[in-house]
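**Student:** The residues making up each chain are set out below.
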Amino acid sequence: SQTIHQWPATLVQPVGSPLSLECTVEGTSNPNLYWYRQAAGRGLQLLFYSVGIGQISSEVPQNLSASRPQDRQFILSSKKLLLSDSGFYLCACWDTREFFGPGTRLTVL
Amino acid sequence: KQEVTQIPAALSVPEGENLVLNCSFTDSAIYNLQWFRQDPGKGLTSLLLIQSSQREQTSGRLNASLDKSSGRSTLYIAASQPGDSATYLCAVTSASGSARQLTFGSGTQLTVLP
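Going down the list, the protein sequences come from chains A and B. Per the numbering used here, the very first residue in the first sequence carries number 19; after that it's consecutive. Per the numbering used here, the very first residue in the second sequence carries number 718; after that it's consecutive.
If you're looking for bench data, these hints aren't it; they were derived computationally from the structure. The structure displayed is predicted, hence computed values, not measured ones. Be a bit skeptical, because a hint or two may be false.
[To be verified] Chain A is faced by these chain B residues, among others (derived, beta-carbon under 7 Å):
| no. | residue |
| --- | --- |
| 1 | Arg817 |
| 2 | Leu819 |
| 3 | Phe821 |
Built from N, CA and C at the ideal position, the CB exists for glycine as well.
Produce the complete structure using the sequences and hints provided.
**Tutor:** Pasting the structure below:
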């Protein structure tokens with residue numbers, strides 16, 4: 019079965035600083051990968067998805083970007099964080115059904 | 718664009734009660750519907766998945782139904798326990814380009830009082 023790893027688990031960053039969140043997947047190959055964000059008091063919002071290496075689709079315009087350098091690695095990045103980037107970031111993998119990672123709690127101060 | 722709504726937003730019940738959580742979606746062209754559980758500060762755990770061709774799924778004290786034509790699903794929890802306290806999220810899977818995507822409701826926060 020699939021296992022999704024995310025790190026770091028928590029992160030506190032100042033406004034304007036860069037960001038890199040990493041997600042890796044075990045137990046499957048060529049999965050669809052997803053980044054979701056859950057802001058306080060709101061549902062999960064799909065940010066990016068990828069159907070293969072180097073293939074990224076963005077769902078919402080923002081100052082975030084994603085990359086997939088390897089089949090089972092998905093990275094979420096920003097050059098300059100905003101206060102509104104605070105939230106709980108979840109990586110997910112689809113393989114007959116969706117599996118979610120443990121999440122990264124990002125606080126931008 | 719698919720929209721998913723969950724009612725109620727929050728629910729508090731005494732231990733032992735049966736309860737129903739509701740989910741509705743606007744576009745009936747879905748592959749499946751899932752119910753997830755999320756504990757505070759944690760990721761999502763899939764509870765039940767109903768394929769678009771199915772009417773219901775059961776797992777232990779949980780039963781989920783799907784009425785695709787009316788865009789509704791319910792999650793029934795029997796004999797609730799304090800350990801059931803969590804946020805329950807409903808999500809539908811639909812296609813967008815070459816990838817399947819989940820659209821989530823905002824969740825129902827359940828508290829079961831001992």
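**Student:** Decide, hint by hint, whether the structure agrees.
**Tutor:** Results for each hint:
Interface hint at Arg817(B): satisfied, since its Cβ lies 6 Å from the closest Cβ of chain A, which is below the 7 Å cut-off. With 7 Å as the threshold, the beta carbon of Leu819(B) comes within range of chain A, its nearest partner Cβ sitting at about 6 Å, so the hint holds. Annotation: interface hint on Phe821(B) holds; nearest CB of chain A at approximately 4 Å, less than 7 Å.
Every hint from the earlier list agrees with this structure, and none is contradicted.
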